[in-house]
Every structure is written in C-alpha cells, then in structure tokens.
Amino acid sequence: MPQLRSELLRGSLEVLILKTLSWGPAHGYAVASWIEHRTGDVLSIEEGSLYPALHRLEKRGWIEAEWGLSENNRRAKYYRLTAEGESHLRTEASAWGQFVEAVGKVLHAPERPEWANAR
Amino acid sequence: MNRTPMWRRHLRFLGNDVTADIEDEFQHHIKMRTRDLIARGMDPVAAQREAERRFGDMRQIRREVEGIDRTVVRRRARREWLAGLGLDIRHALRVLRRSPAFAIAAVLTLALGVGATSSLFSVVDALFLRPPPGVRGADQVVQLYVVRDEGNVRTSPEGGRGSYVDVKAIRAGAMGLSAVAGVLGPEEMDLGRGERAERIRGSAVSGNYFPLLGVRPQFGRFFLPEEDSIAGAHPVAVISDGFWRRHFGADRDVLGRSVLLNGRSITVVGVAERSFTGTEPDPTDVWVPSAMAGPVGLMSGGSEDWRDNPMMVAVGLLGRLSPGADPLQVTNDAAAALRHAAEATPSMDQTPGIVLGSLIPARGPHRSPAASLSLWLLAMAAVVLLIASANVASLLLARAASRRREIAVRLSLGAGRSRVVRHHLIESLLLALGGGIAGLLLAFLGSALIRNLPLPATAGETNLRVVAFAFAVAALSGILFGLVPAVRSIGVAPAEELKDRQAGGRPERGRMQRALVTIQVALSIVLLVGAGLFIRSVREVSRIDPGLAYDRLLVVSADFQRTGHSEAEQEAFYAAAGDRVRKIPGVRGTAVTHFTPFSGVSYGTELSIPGRERPGRSTTRLNFVGPDYFSVAGTPILRGRAITEDDRAGSLPVAIINEAMAKEIGGVGGSVVGECLRLYSPQAPEGCVRVVGIARNQRARILDDDVAPAVFLARAQAPEVLSWGGPALLVRTDGEPGEWAARVRSALQGLSPDLPYVAVQPVVERIRSDVLPYQLGATLFSLFGLLALLLAAIGLAGLLSHFVGERTAELGIRRALGALDRHVIRTVVRQGLVPVGIGLVVGMAGAWIGTPLLKAHLFGVSEHEPLVFVAVACALVAVALLAIYLPARRAASVDPAVALRAE
Numbered sequence: 000m001p002q003l004r005s006e007l008l009r010g011s012l013e014v015l016i017l018k019t020l021s022w023g024p025a026h027g028y029a030v031a032s033w034i035e036h037r038t039g040d041v042l043s044i045e046e047g048s049l050y051p052a053l054h055r056l057e058k059r060g061w062i063e064a065e066w067g068l069s070e071n072n073r074r075a076k077y078y079r080l081t082a083e084g085e086s087h088l089r090t091e092a093s094a095w096g097q098f099v100e101a102v103g104k105v106l107h108a109p110e111r112p113e114w115a116n117a118r
Numbered sequence: 000m001n002r003t004p005m006w007r008r009h010l011r012f013l014g015n016d017v018t019a020d021i022e023d024e025f026q027h028h029i030k031m032r033t034r035d036l037i038a039r040g041m042d043p044v045a046a047q048r049e050a051e052r053r054f055g056d057m058r059q060i061r062r063e064v065e066g067i068d069r070t071v072v073r074r075r076a077r078r079e080w081l082a083g084l085g086l087d088i089r090h091a092l093r094v095l096r097r098s099p100a101f102a103i104a105a106v107l108t109l110a111l112g113v114g115a116t117s118s119l120f121s122v123v124d125a126l127f128l129r130p131p132p133g134v135r136g137a138d139q140v141v142q143l144y145v146v147r148d149e150g151n152v153r154t155s156p157e158g159g160r161g162s163y164v165d166v167k168a169i170r171a172g173a174m175g176l177s178a179v180a181g182v183l184g185p186e187e188m189d190l191g192r193g194e195r196a197e198r199i200r201g202s203a204v205s206g207n208y209f210p211l212l213g214v215r216p217q218f219g220r221f222f223l224p225e226e227d228s229i230a231g232a233h234p235v236a237v238i239s240d241g242f243w244r245r246h247f248g249a250d251r252d253v254l255g256r257s258v259l260l261n262g263r264s265i266t267v268v269g270v271a272e273r274s275f276t277g278t279e280p281d282p283t284d285v286w287v288p289s290a291m292a293g294p295v296g297l298m299s300g301g302s303e304d305w306r307d308n309p310m311m312v313a314v315g316l317l318g319r320l321s322p323g324a325d326p327l328q329v330t331n332d333a334a335a336a337l338r339h340a341a342e343a344t345p346s347m348d349q350t351p352g353i354v355l356g357s358l359i360p361a362r363g364p365h366r367s368p369a370a371s372l373s374l375w376l377l378a379m380a381a382v383v384l385l386i387a388s389a390n391v392a393s394l395l396l397a398r399a400a401s402r403r404r405e406i407a408v409r410l411s412l413g414a415g416r417s418r419v420v421r422h423h424l425i426e427s428l429l430l431a432l433g434g435g436i437a438g439l440l441l442a443f444l445g446s447a448l449i450r451n452l453p454l455p456a457t458a459g460e461t462n463l464r465v466v467a468f469a470f471a472v473a474a475l476s477g478i479l480f481g482l483v484p485a486v487r488s489i490g491v492a493p494a495e496e497l498k499d500r501q502a503g504g505r506p507e508r509g510r511m512q513r514a515l516v517t518i519q520v521a522l523s524i525v526l527l528v529g530a531g532l533f534i535r536s537v538r539e540v541s542r543i544d545p546g547l548a549y550d551r552l553l554v555v556s557a558d559f560q561r562t563g564h565s566e567a568e569q570e571a572f573y574a575a576a577g578d579r580v581r582k583i584p585g586v587r588g589t590a591v592t593h594f595t596p597f598s599g600v601s602y603g604t605e606l607s608i609p610g611r612e613r614p615g616r617s618t619t620r621l622n623f624v625g626p627d628y629f630s631v632a633g634t635p636i637l638r639g640r641a642i643t644e645d646d647r648a649g650s651l652p653v654a655i656i657n658e659a660m661a662k663e664i665g666g667v668g669g670s671v672v673g674e675c676l677r678l679y680s681p682q683a684p685e686g687c688v689r690v691v692g693i694a695r696n697q698r699a700r701i702l703d704d705d706v707a708p709a710v711f712l713a714r715a716q717a718p719e720v721l722s723w724g725g726p727a728l729l730v731r732t733d734g735e736p737g738e739w740a741a742r743v744r745s746a747l748q749g750l751s752p753d754l755p756y757v758a759v760q761p762v763v764e765r766i767r768s769d770v771l772p773y774q775l776g777a778t779l780f781s782l783f784g785l786l787a788l789l790l791a792a793i794g795l796a797g798l799l800s801h802f803v804g805e806r807t808a809e810l811g812i813r814r815a816l817g818a819l820d821r822h823v824i825r826t827v828v829r830q831g832l833v834p835v836g837i838g839l840v841v842g843m844a845g846a847w848i849g850t851p852l853l854k855a856h857l858f859g860v861s862e863h864e865p866l867v868f869v870a871v872a873c874a875l876v877a878v879a880l881l882a883i884y885l886p887a888r889r890a891a892s893v894d895p896a897v898a899l900r901a902e
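Sequence order for the protein chains is W and R. Note that numbering that gives the first Met the number 0 has the first sequence beginning at 0, numbered continuously upward. Note that numbering that gives the first Met the number 0 has the second sequence beginning at 0, numbered continuously upward.
Okay, chain R solo, but in the shape it has when bound:
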C-alpha cells in the first residue's frame, strides 16, 4: 500500500460520517473486484455488473456494518467526552484554588441558602410528605372528616371528628371502603401507681385499626374481632415499640404482662412494629380496643356503651379504599350513610357530610398552624436561597469580568464557545457541590435549633430525601447562577479583548451587582425591623404583672377521680404532700388551692349583697384556697388579711375579694372590708360570708388585662368540694422551676404505693403558648434578617473587591500622583455607600409601610416604634462599613509601581 500523506492519516476515520466511510470502503472493494475481473478478460461493463452482483445485498450489509460501527463511535465519543470533562474539572479546581477568598465566600453564601432551605424542607417533609411509618399502601388510606351543615352554615366538629355511631354507619353504607376504623385519642393517661407511676398517651381504636393500616406486630398480635365487641369484656392492649423499650426495657417476655391504665389492669397482647406511633399528630404509647375506652377512662359515660351514643363526638374516622374505588363515590356513599343514621336521632338537626382527606394530617382540611407556618418558612427560605444564588452569580460575574482576557485567549486558540460555557458551568456546579455539602452540615446543626420551635418532634430529621433535596436545590442554583457569567462570556469578542490592555471596566457592568446589594440591604432592614418589634413585644410581655409571681411557682396535681380513688384519699394526699414538700430545703412555701394560675378553667356563681340597694344579683368567679395561698402565689393583699388556718369549718365564714370585686361593691368611698356577701353556690357557705381582705387582681390569661371580679373562700369552710378542676398544690421554690419540678415529683411519687401519677408543672410553662407567637416571630425574623444581612455584607464586600480590582491601575496612578491613603479609601467607601444608602432608604420606607401588617401580632410596642428603626439603621451602617473596610484597605495598599507595571 502507498503511504498516505500525514494530514490524510490524521483525519479521523470513524469521524463524523460513518455512512460515508462505509460507502467508500465498499466502493473500493467493488472497484478492485472489477479490476481483477477485467484482468481475467471480462468486458468492463460486465465486470462492473458482476462485481456488484457478487457483492450481494449492499443495503443490508451496510446496515449491519453501520450498527457495529456506531457502537464503536458512541463508545469512543463517550470516553473522550469523559476525559474532556475530567480535564475541565481539574482545571476548574485549580482556578478556584487560586482565589480561595472568592471560593469560600461563594460556598458559604450558598451554604446559608441551601442549609436554610434543607432544614425547613425536612420539617415540611415530616409534616406533609412522610406517611406514618409502618402503614402499607398509605395512599389508599383516607381520613374521613365529618362536616355538619346547619342551614347554610357549615360547621365541623373539632378536627372533623364523629361519633362511633358514624363509624358503624359508614362501615355498613360505603361500599368503596374495604375497611373503616375509628380512633379515639391519644389522651394522657396514668400508668401504674405509686413510685413507678408514669404519664403516657393512650388511644382507643376499632378492632380492625391495625389490619386496616397494614401495620405488623413485632411480637404477639393485634386485637381479635371479639375483643372489640362487648364493652369492658377484654382488657387487652397493644403497646408501641418506644413504650416497650422505655417501660419494659425491651424485655422479650412482655406478652401477657399487665399494666395499670388509669387504675384499670390491662394485659399486653402485642407490640407494634418499630417506629409506628399511630396516625394522629401526637404519638401514642398504648392502644386499647374501643370496647375498653370507658373502663380505662378515655371516655366517660357511665353504664351505657359510648359507642351507641351519637352525641359522643370525639372519634377520628379512617378508611381504606377498595382497589379501583372512586373517591367521589365513596364520599357520597359515606355522607348518605351518615344522613341515614341521623334520621334515627332527630335531636341533631344538622345535615352531616363527609370530606375525604389524606392520612397525613397536614394534608387534610384541619391543618395545624404549625404545618401552615412551616410552608411559609420554606417559602421564605427559598427566597433566601434565591438571594444567595444571585449573590454568587454577582460574585462570579465580577470574577468573569477580570478573566475576560484569559477567555479571549482560549477562544482564539480554538476552544469552542460551548467549551467555555461548559467550563463556567462546571465551576458553578463545583461551587454548588461545596455549597450543598456545607449546607447539609448547616441544616444538621439547624435541626437542633428547629427542635426548639413548636413543630413536631420528628421534624429536623436529616433523612435521604432531605439530602437528595439539598443536592438537587444546590445543583439547580448552581446551574442558575452559573448560566449568567457563562452566557455573558459568550459575548466576548477575542480580538477586541486582546487589543484592549486596560482592565478598566465599563461602569455599567457593575450595575447589576449594585442593584443586588441594594435589594439585599433593603430586605435585611425590613426583616430586622420586624425582628426588633417582636423582640420588644417579648420584652413587654415578660414585664406584665399578672397579679401573681409566676416565675418560681410549681403546680402539683394528680388525677384521683379517673384512677378510682376516693375524695378522702385525695385530701389526705394534698395534706401530706404539702408537709413533705415544705421539708425540702429551698422551698419557700406551699398552699392548697382549687383553681391554679393560668389553668384556663374557672368557676362562677351568682352573689348578692344583703342590705344594699344594688338591683338583683351579679356574677363572680370563685376559688377555694388554703392558708398561705396568697403569699405562695405572690398575690399581695392590699387591705385586711388573707385566709389563715383559723378559718376552719365551724368558724365564721370568710372571703377575700379582688380589686375588681371591691370596685364593684365599693360604692363611693365606702369601706368594703367587713361587708357581707351571699353566694348562691352549693360549694359556698350558707348565708353571710364576711369580706376580710382585698387582694390584687389576678389575670386569668397573661395577655388579657380584663379581670373579672373574684371571691376567694377558705377550702376548709366549703360545705362541698367541687368535683372537677382541682384541687392542686402550689409550691414556691428558690430556684429555676425546671430542675425543681423533677425534685418535687420524686419526693412525692413515693409517698404511697397507691398513688396515681403526680404531675408537677412549672406555672411559667402554662403561659408559654401565649407568649410563643411573639417569641416565634422574634426568632424567625431575627434569623432571616441576620441571614439577609450576612448575604448583603458578602455581596457588598464582593462588589467592592471587584471594583478595586478593576481600578487597580487607576488607583495606582492616583497614588503616584500624590493622593493620600484617605483619598483612595474615600473613593472606595463612597462607591460602597451609595447602594447601601439607597437600600437603607428603600428598606426603611418598606418597613414603615409594611409593619402595620404586623400590628395584630405585636404587643406593647407601636408598629412604628422609632427606637427600633434607628437601632436597625445603625446596625446596618455598622455592618456595611465593616464590609467596606477590607476592600478599602486593599485599595489603599496598592503599590503604584506594581499597579502601573501590570499594564
């Protein structure tokens, strides 16, 4: 064969045109054959024809060969592409390593955005996306929410619950449901007695509850159909895995053991599979059949079976759809079944209906506020991520501007524009990867923070979905912010760039970055003003004087009624408890009372004042207290005296009234102490009760300054004890209530082997839910505000670094011409303060306009509180100056000689 010229050999043979090459090869073969045939004496035309004939079906052969070749081409192309990618990645890493400050800033910025979003996604995941663990085929399980229409008004029983009658009705009527179950609870219950008494959560469920869900038992079994039939006949229970571990120490021998639930002995027949804690938002420890709900105190109602009573509306309804069932049809059937059942009980004149919802509570119509809040937070975090991405994009742009020359060189050396774009994207994705990993770490730390917020305990769990989400989000933002400089760099004209040696950027190129800084500054201001207002609200709430000293106060109570004890035992306990607790060093005092502070429960009665001209009767709140109550509660007595030990049965009936009551009966300047009151309640002494003292008003709710008139009677003097709402023991301690609660509890639980669970609660916990909205607002706005501020600072620093970098030559010249340090610094500072200043103005205006929206959620502070606005402005300027400082310093240290030489 002849040697081919070099350039021909280098042409790729399996190049872009596989078909053409194959064609060439075959044609060559035919030509050679023709030549040989001619050499053997054939006529040229015939030879050609014969050669073609002998070749065979060219089309088919070509197809076969093409198939083989294309595989080779594909494989080779892939290998080369991967090699090219590897090169690009290594190159990008080198480049990033050369400017570590930029890389760190970019990764950190992204990490903030990805971290915030991932943390909140894990919460949203827990609330909305994850079905209760252990449920099989969860998308076929529905919750049936009962709605009732009264005329034109739709009301729903709380949580869309129904009665057990509804469960039975729907079971019979709805054909599209293969199973229907009812869930009661979970409620707090006492477990055991005496020393080892605990509080747990118990539920009563239909016998088919577990089979409906497809949950499997770890040990033992679930309920048999007959165990759910006759009320009280089968005291059995299924326990959760968590409870099994906590209470039984994961003892395999748990089946057949009994526990005391609210004083009733129940036998354990099964342990549910791991991590199944029921279908309600709160986790359940123990399940009993619905037949046992009455005996264990989950449902009151005396002798009748509560399951036949349509007025006992407390049951959650679950159903499993049959395969192929139409949800709409099921809804109609179920509603019809309810209506049919309602006809049998004409007392309820509401038309019942049904709404189907997902098994996941947050997805249903009765979404908890926490769930809605988490969605809002996720949206806010997404905004933060967007801002972070924009920040990184601007950082990248700044860098790209200074690398235009390098890009121009690469382009002129023959790199395709697509290569350049690819390079930018790889760099961005590498940053995004770093941001994703760092963000996940932040999210992990952040989940600890989230656990302190009022969101479900399972929130903040970093599972596989969250990790995938974090990386997906990071990659998405990586592509987003990577495209910006990539697209810009396409517009680089190599010749022009190489010609122009001055690195002085055109001024409008920084416009986007400056706008970005402005936006971020404005956003930070709005958020921080909100934070400031909420923080003030929290402060104001803590300064409220509710008429009692709630900070070092404990409430000790135990449920004697539901657990089958007598009133005498109850009284004995509280007396003994008071004695026992007073002996603990650090306890300032104890007092027995019926109603406790901030309990949300109160009792009222009518009263009249004999001998006064006041028309008719008025109403008053009533409480029954023991000696030392007022000193222990921290409620000052303004006039007269408090209840003492001398106020017993048989001695003169006395009463302390509060200021509101005193005002009502005081009349004009008359003394109220010594007045006689007549109380119309079976628990109050008969006849005249003498007022012996006036106490400061006590607020029933911390935020409610409207106090009702109240009368305090001596417990010992009450002819009859109120059977609900108390009593309880108040304990005043020296130190922080948290550790004291445990100490008091352990001192009391062992007082007698027969005691129900003794609950000790710091009073301050009771106001937590009232204070929470303000604390939440403060925390969230502060968090997001600081995030936005941080991002703004990074953006500002980046902007100015770029500015200084671009003008190195110009600054060098100015220094050479005699400009002082401070002149140079002033230039830089001025450049930075302009966007900050604009952002400040815009932000302040925005905050001024926006805060009235928050008005309903603030407390004790005006929505335009000037102190807050001023403080935020000062903080912002301080941070901005800090962010400007470093680049300004760099500018001032530019050596004129070096700068000029670089040109």
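Bound-form chain W, shown alone:
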C-alpha cells in the first residue's frame, strides 16, 4: 500500500496523538514511532507536523508536558493526556468512527443506485 501523504493526516493527527498518549505518557519520538508501527508504516508522520501539533495541543490544555530522562539517558519532554484532553478524545474518536462508517457505506455499496440503471 502506498504511503499516504501526511496531508491526508492533518485533520486526524491530533486525535491520533491524543489516542496514543491515552496509553500513557510518552515523548514525541515514541508517539511517532508507535503510530508508524501500529499502522505498519502506512501512516508516517513528518516531524514538521508532529511537533507543532504536540505544542498546539499543549497550548490548548489537552496535553501537558514534563521534562524527564529518557531511555538513552537524555533530557526529554514527556507529554501526558489531561482530563480535558481525555474528554475531547472521546468525542473526536466517536466522530471519526461515524465518519469512517459513513465513508465505508458509500465506498462498499453492494448495489447500483437507481439513477445509474437507465443505461
């Protein structure tokens, strides 16, 4: 499957980050590599969108950050979901679910529509 351009990701990036962080606090690289791994490299996030998105989410108060020591003993910034972020995630996720279901219904329609029969 071709790698989807991240333009398609832009709107959904935030909800993906939030979902990732809902498993627990992580730093930016961990978030990106988990999404890549989970989607089998179909979704590859460019750092150019990842970090602005992370900081924007932090500004909005849906995630909060804390400096800590990472696996390789370096100073790293860890993000964690806040209570607001959690509730926002829930709404967004369900909205996405409905969207996906709706798109799927159109894309995998079993029968021709009426207006296409007269041919």
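In short, the hints are calculated from the structure, not lab data. Warning: the hint list may mix true and false statements.
[As the list claims (entries may be wrong)] Computed cross-link-like contacts, SDA-like style, restricted to lysine to any residue with a CA-CA straight-line distance of at most 20 Å:
id, chain 1, residue 1, chain 2, residue 2
1, R, Lys30, W, Arg73
2, R, Lys662, R, Ala717
3, W, Lys58, R, Arg77
Got chain W; can you put chain R on it based on the hints?
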C-alpha cells in the same frame, strides 16, 4: 521512562529559555531515530545523517513551534504576574489597615491637593478647553480679531471687533475661508410687556452663522439667505434650548409663535440644539438675523442700514477655514481685504490688520481677566498638590524607617528588590487612589464655592475630563511620592538591619521631613499675611462713607425709549410707581432721580456766577431729582433745605449744590446759600437758579475720593428732559435688598399691560465689581493659606509621631530613670518647635519682603500692617502647638516597662 529526580522535575520546562528547550526536544528525537536506524543495521554516521534528513527543515519547524510556545509562555507569565499583583495589593491593604491614622492622614492630605487642582482644572477646562457645545469641527473655526495701526501704535477696537462692512469685505476677499459670519451682541433686551415682561440676551447674526458652526436645529430651521437681506423685512428669530424651556415651557408647538423683542414682534422659526448658547462668553437666548438688528434695538442708526456703515464697530467676526487652508495666508488675505475696503472710506486713517484666534475666547488675544486668573489659580493649586505629595512622601518615609526590619526580613527570604519597590509603589498608588476619590468629592463640593467667584457659570462642572484629570494627577503624585521611600528601601542592607535591634534612627534621617515642615510653615505665613491684608482691605472698603447710604437702596428703571414708548408714558410710570411702592409696608421712601448712584454715567455743563469776579466759566455735574431724593438716598443736607414738592414749574428755580461746589464758589467765609447760578444747559432753567441748600459730597465711584462739584436741580423745573441716562426711581427699604428687589418688581410689573421690563437693582450690587478684587484676594489667599497651614500641621504631626516612635525605647528609659511627664513632653515639643520657629522667621521675612508687591491691590491698609503679621504669627503658633500636642501626649504615656521589653 525513568523517573527523573525531584529537583529536575521542578525546573520549569517552559522556563526562561524556550529556544533551548525546543532544541533539546528535537535533538532527542534525532538521537532516538539514529539509534533505531543503527538497530536496523545502518552505519552510525549514515544513520545520523538519515535521521537529520528525515527530520526535515529544522529551522522552519523550530520557528513554528517557537511561535506556539511563546504565546503559552506569555500567557502564563501574565497570569502569574497578575496573581502576584493581587497578592501585593491585598497585602498592602492589610498593612494600611493596621495604621489607620497614617492612611487617613495621607489620603486627606492628597485629597486636599487633588481636590484643589481638580476644581480649578474644571474651571480652566470650561474656559480654555471646551469649545462651545454644538459646534462641529471647532478647530477649523476661527475668530478674526481686527487690529488697527495708527502710525506705529497698534490699537484694537474693543474685543477686536469690526463693522459689518468688514464682514462683507472679508467674505469677498479671503479665499481660504469657506464661510464668514458676523455676531452682534449678546445684549440685554426686553421681552414682552406688562406682567410677563422679562430681560433676556439677544444677538444679531449673519444668515450663515449657524451653518458655519455646524449647529443643528432641534426643531424648525435656521435663517434662510433671503431673511438676512433687506433690513427689517423678515422679523424671524431662533431661540436657544434653555430659553425655549424657560419661556415656552418646552412646548413642542413653539414654531410660528411670536414674541415681543424690545417692543417689536418677532416670529420664532427654530430652536437651537441643546446646550448651544452661542459663541460669546455670555450665553445668548435669542438670535435674529443681522437685518433685524436695527428694528429690535440691538443697533441704533435710524433709517440707514447699519451694515453699510463702517463706523459701527461692534461685530465679532467668525470664519471657517477651508480644508487645507493655510492660516497665515488667510490672515494676509483678510487683512488685504480690509485695507482695500478702507480705501473706499478715507475718513478712517488707520491701517487695519487681522489676527486669527481660536473659537474659544479665552484662547484668543482678548482673554478676560477671569480667564487669566483661573490659570494662575491652577498653578497655585498645582503647588499645593506638590506640597501635599511631599507631605505624604515624608509620612511614607517616616513609616518606611520603622519598617526597615520587616523589609530586611523579606529581602533575606528571597524577595527581589524589584518586588519591594513594587510593593511600595502599590501602597502609594492605593493611597493615591483613595486621595483621588476623596479629592474628587472635595472638588465637587469646591465647585459650589467656585460658583460664587466671578468666573463663568459653566465653571466647576465635574465632567469626564475633570474626573480623568483628577485620577491622572493623583496617580502621578502617587508614583512621585511612592518612589521616594521605594528607592530608599533599596538601600536597605538586610544583614545590617537584622543585626541592629535598636530602633533609634540616625538623626539626619529626619532632616528632609523637618525641612519640609519649615517650608510649609513659611508658605502658610506668607499666604495668611496676604489674606489678612486683603481682609482688612475689604473691611476698610465697607467702612467708606460715599456720601449716600447704599445698603438698603434699590434702583427701579425701565427702558421706555428702545421699546417704543413715549416720554409721557415714562413720566406716568414713574409717578405711579412711586405711589405704588410707597404703599408696600417696609418701604421707607421713594424718590425720582435722573442719575442714580454709582451708575457710571453723568452729565456735566458749564456754569457761571453772575456778579462775581471769578474769571470765565467752570464746569459742574448736573442731576435732576424729585422731592425726597436726599432723604431717600441718605445724603445729608448740611445747610439749607432739599428739593420739595413746592419746587415746580413756574416757581422760583432752585438748586442744591454739593460741598465741593460750595467750596469752589464759597470764597472766604462767605455764605453760599442764596447765591445765584447761571447754568448753560438746555435742560437747566433759564437765567438765575438760586442755591437753597448744600448737600454732602456723593462719590461717583466707591473707591474714588475725588469728588467733582455738582448741582442738583428739581426735575419738575427742568424745561427739557435729558433723553438718555434716566430717569429712575430710588427706593429705600427696611430690610436686605435681595428679597426686596423681587417684591418691588412683582408689585410694579403688573401696573400696566403695556409696560416694558421693570428692572430693580440693589445699589449695593453696583459697587460689587469695585469691591470684588479685594474680596477675591481675601477669599483666595485665605483658602490657599489655610490649605497650606493644614498641610503644615499634618506634616508636623507626622514628623513628631515618627520622632516619638523612633525614640520609644529612649523615652522609656528616661521615664524609668525618673523623668517626669513634662520633661518628656518638653523634649518632643522642642523637637517640633525648631522647624516651626525657623519657618516662622523665614515666613515672616518672606511676607515682609513680598507684601509690597501687593500694595497696588490693597486698600486702606499698609502692606506692613503690624497687627496682621502679629495675628498670623499667633495663629500659626497656636496651630503648631495643637499639632505637637498629640504626639507629645503619646510620648508622655509611654510605659517604660513596655518600651524596654520591646527591645
């Protein structure tokens, strides 16, 4: 993730260095990516390069992220700053509440300064800053003042006025003016007749006056161009909102109604918008077109149209500048236009010129004395405010000195010095806020006081600008006096302060406060001496004997000429009026006279004494009076008799002369009564007029003791009545003239339905403008002097409180060692009296040197009048002792045990 050590976690992540943090974050990412790539088998160097490449344009990403972060940092910093401020404010309030006496003293002191300044600012605002309400684009409207040069001397017609010919000339000639208008007036006019007659103010204006100003009508319209063309053709008028409310009771149906202006019927065509009362200093009630000026009596001149007469110089000139016009060019054009017009009338040999001025009269070259005075007063008030601020600063310093230990503790606990400075400033600003509010309240009360001063009626209005000014001024002084202790407290060395447990202040720290008290005492003395001299002047003026008893005397007059009545009607009125008024209980007497006391108008003629060797003729003042004149006026007859009813037309012509005249013709020891006078005036009887009495001299002006010789003739015996300057009815009453005037007026106005407005004026009002300068001086100097004294007293009390506070321990020890109350009190008193004493000496010297400057403005009292100086000194010492008393009492009540224990 590994748990980080506590101290690392507490380091603020979005701390001071946003850039460094972002750099760390990105570098970490790259390192992780490199590590993964190496784990997948890449060469380390290549992996690093690949990781960096995959990261992308780091600079741009960093820029984007930085932008986001900085907003967060800003927001958080602001929130914390506000929280810190809130804490500081609450803390400052707590501290102030703990020492209420200080807070009250400080706020009160400031309130005095802010109140005085704001009151006077409201006056200055009304005179200088506020354009007439209703004028649009007021800064494009100019007044054109006419100046005339005679040779090398510049003269100006009064108020820079011109003639209507000038209006027309400038209209034609000055291209930079989109409109030019003339204003005549406002003058007092009679409105209506009989019972409802009123006096109002009327103006005659060019037809384009209102459009030029941009004023809009509330109802109806303004003048049409044709209404200002032919003289007398269109009797229309525009009235002011105030007049509409007063006279028509705000009746919406006012358009088309007529009123009688000086006996001429005029139709109302419009009501001006609210609060517009014209462009002149005095408010206008009614405007008529310039074409109607003659018919309503605003301008005399008979049959010719006064607007063509260049000698009728009474018109104020207004112009509106075209957009982009150069004022200098306009001035030159206008002056050229005037010169061109002057060439057509060679009779006036002056070169006219023009000076442009603002629409606001006070800003122009013909500033009224009241306007200049208000500026001086504002400056004086600013000085008072400065002193008040200095006072508060010294109070704060005194307090700061006793809080050094507290500050030292705070500093050692880690508070930044900037925090301490901020705390002081907040405290000062809180005091300033309190002072501002209290000051505004005082200003509000003060405006009632100012209304009694001879300043425009609109003065003293507390509008938004005044409020803003009050707070701005309060804040400014708050910062000023707040900086002093704040800066001082920076110099506090914590270790040293905490070590030194004795609260004994170094003596030189009180130096500034003592100097301040000295200055204030000196200033109060100077001002109070001035006040004393002016008060004496007022007293002396009231003791003048001007030759008539002016205090319970009224003048009744009505304008029969301008309102189209005949002489017979005039005579009938005064006769009937006298009868009617005499019936009012409490009226002592009435008399008809031509010239009234202090009217500023007089008439003179030549006289000679037949049969005497005196060379040629001399001149004398002349008055025509009826019976009872001298008794009603309160002028004693020194010899002979007064005019009686028997002195009628046909009987022997008689005259009363005054002392000055008697002296002139008395010669040496000769009797003057019975002498024959020959008067060369058409209003005097022909031939010999016999002197039958000598009267006391009457002063023409209350302050002028140079009395001219005068002759009083019987009105009934005058062959011809003077057509100007009178007559009038004098009324002597029992009580105070104020209420009597209204009573007499209402009794007379209804005498006939055809009467013009009957004016009743207490004679004492006529001397008001002469007495005013002294009263003004007395009021102002007293006010400011008392203010300065109050401030000095507060400053003194503060100084001594601080002194006692600092020396609590020392005083306690002395009491323990057996010192008596009075010893302790004496110490305090001595401390206080030193600056007071120095201030007293300096002040007295200053007053002694300074009062000769006032000499021209004093009356009947020497500028070095010792009584005044002594009285002021005594008052000052009394007040000083009072201010010293409280702190001294506190010192005496210091319990030795408590004082010592506190160490």
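- Message: Next pair to validate is R:Lys662 with R:Ala717; report whether the Cα-Cα distance is within 20 Å.
- Response: violated (25 Å)
- Below or equal to 20 Å on CA atoms is what counts here, so check W:Lys58 against R:Arg77. holds (15 Å)
- Query: Within 20 Å, alpha carbon to alpha carbon, are R:Lys30 and W:Arg73?
  - Reply: Distance ~9 Å between R:Lys30 and W:Arg73 Cα, so the pair holds.
Violated hint: 2 only; the structure is consistent with all others.
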